[in-house]
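Take the given structure of chain A and dock chain B to it, following the hints.
Going down the list, the protein sequences come from chains A and B.
With the working numbering applied, the first sequence covers 1 to 221.
With the working numbering applied, the second sequence covers 1 to 221.
Read the hints as simulated data drawn from the structure, not as lab findings.
All the pointers check out, no bait thrown in.
Chain A stretches covered by chain B per the calculated footprint, using a threshold of three residues with CB under 8 Å from any CB of chain B: (1) 51-63; (2) 130-140.
Here's a subset of chain A near chain B, in silico, CB distances under 7 Å, partners left out: (3) 82; (4) 104; (5) 112; (6) 116; (7) 154.
Since this is a predicted model, take the numbers as computed values, not measurements.
Where is the CB? At the ideal position from N, CA and C, for every residue including glycine.
2 protein chains.
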Amino acid sequence: MSRDPAPGELTLHGYWRSSAAYRVRIALNLKGLAYQQAPVHLVKDGGQQHAAAYQALNPQGLVPLLVDGDVAIPQSLAILEYLEETRPQPALLPADPVARAQVRALALHVACDIHPLNNLRVLKYLADPLGVDEAARNAWYRHWVETGLASVEQGLAAFDGHFSLGDRPGYLEACLIPQLYNARRFDCSLDGCPRLLDLASRCEALEAFAQAAPEVQPDAQ
Amino acid sequence: MSRDPAPGELTLHGYWRSSAAYRVRIALNLKGLAYQQAPVHLVKDGGQQHAAAYQALNPQGLVPLLVDGDVAIPQSLAILEYLEETRPQPALLPADPVARAQVRALALHVACDIHPLNNLRVLKYLADPLGVDEAARNAWYRHWVETGLASVEQGLAAFDGHFSLGDRPGYLEACLIPQLYNARRFDCSLDGCPRLLDLASRCEALEAFAQAAPEVQPDAQ
Chain A
1 MSRDPAPGEL TLHGYWRSSA AYRVRIALNL KGLAYQQAPV HLVKDGGQQH
51 AAAYQALNPQ GLVPLLVDGD VAIPQSLAIL EYLEETRPQP ALLPADPVAR
101 AQVRALALHV ACDIHPLNNL RVLKYLADPL GVDEAARNAW YRHWVETGLA
151 SVEQGLAAFD GHFSLGDRPG YLEACLIPQL YNARRFDCSL DGCPRLLDLA
201 SRCEALEAFA QAAPEVQPDA Q
Chain B
1 MSRDPAPGEL TLHGYWRSSA AYRVRIALNL KGLAYQQAPV HLVKDGGQQH
51 AAAYQALNPQ GLVPLLVDGD VAIPQSLAIL EYLEETRPQP ALLPADPVAR
101 AQVRALALHV ACDIHPLNNL RVLKYLADPL GVDEAARNAW YRHWVETGLA
151 SVEQGLAAFD GHFSLGDRPG YLEACLIPQL YNARRFDCSL DGCPRLLDLA
201 SRCEALEAFA QAAPEVQPDA Q
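For reference, chain A alone in the conformation it holds in the complex (with noise of 0.2 Å):
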């Protein structure tokens, strides 16, 4: 988990099913950038990621971190950017400053919005300490999924039949491809959401997404 990575060798340390490490895996291969996997397994030892080892590198305790020879970034999007500014092509946003902020914005209600909330130490802290039972959790759950997509779903209108760059997807489908997994995973309603479906579809044909996808990765159970 936290082998010294030789200068300029990307490592991402991450879990196969968190949906912020997902995005960061989506971004990666579509620059085409190499990297190797530090798994950090969020349930077993009682959350890896609270580890010192791991904590030494990131103290926010959270998946994912980009290690970037001897730099260490936390946050998905953080990294995202970090990567477009690092290694510019193949870009993952577009280039106008308002179709970067329509990006943007639906990318952060994403991972503001929805994703914080349904975080698996929120489940959790809604179990115990809180009592809250699976079946009011996982309503939970699908309140803020079906909430916000309901939303996102609006702001696609933008991006009908296309991906966010046109031909091809980016920064945009990167943030929503993990957040539907996940949807999918609880069992949201997406009646409401045929153009992200849409979008989905077409990502998910693309090799990219394919292999970013939680069941194949190397610590997938």
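For chain B alone, kept in the frame of chain A given last:
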């Protein structure tokens, strides 16, 4: 709330106590940009963010929203990036990609891992339907703030005695100060955060922060 601004004129749709709107007010002030305010009361009228006129501008149904001429941008961090790209001077982010990533990672830790859990809509859901009582809701609030700020504090070691841009604050401080405001409002323990408190005291002495404070906004009650 929905008046049309003149082209190129900036209008911030926000709420005095929204810490995401507070981030944008600080950023606008740091860049010396004039802007109008269009208050969206998050409680009155069942939440004015749900009104049809506001939803037409922002289908995400959240504040803040920045309107720049005929462009509407939701999500505070998308707004900060947009301002940085369209009005680059004075910069909110450092120039070096690694330093930019460090700043964004700390800001995103606040924006993704602390703030969303303590949003008004989340606290309301905890109360109803989950039936979590006020004491347990306050403990929830403090848990996420204290856990998150403890790791932010470690990340601030890189800036000891300085601002994130050396001699002046920027993107990082625009995200930290509103979170600290919330922490104080909910009596969170800040004993482990001397760096944050030192940085905050230097920010709060500056006009850009003083004029962005919730209590001096036109809609403050």
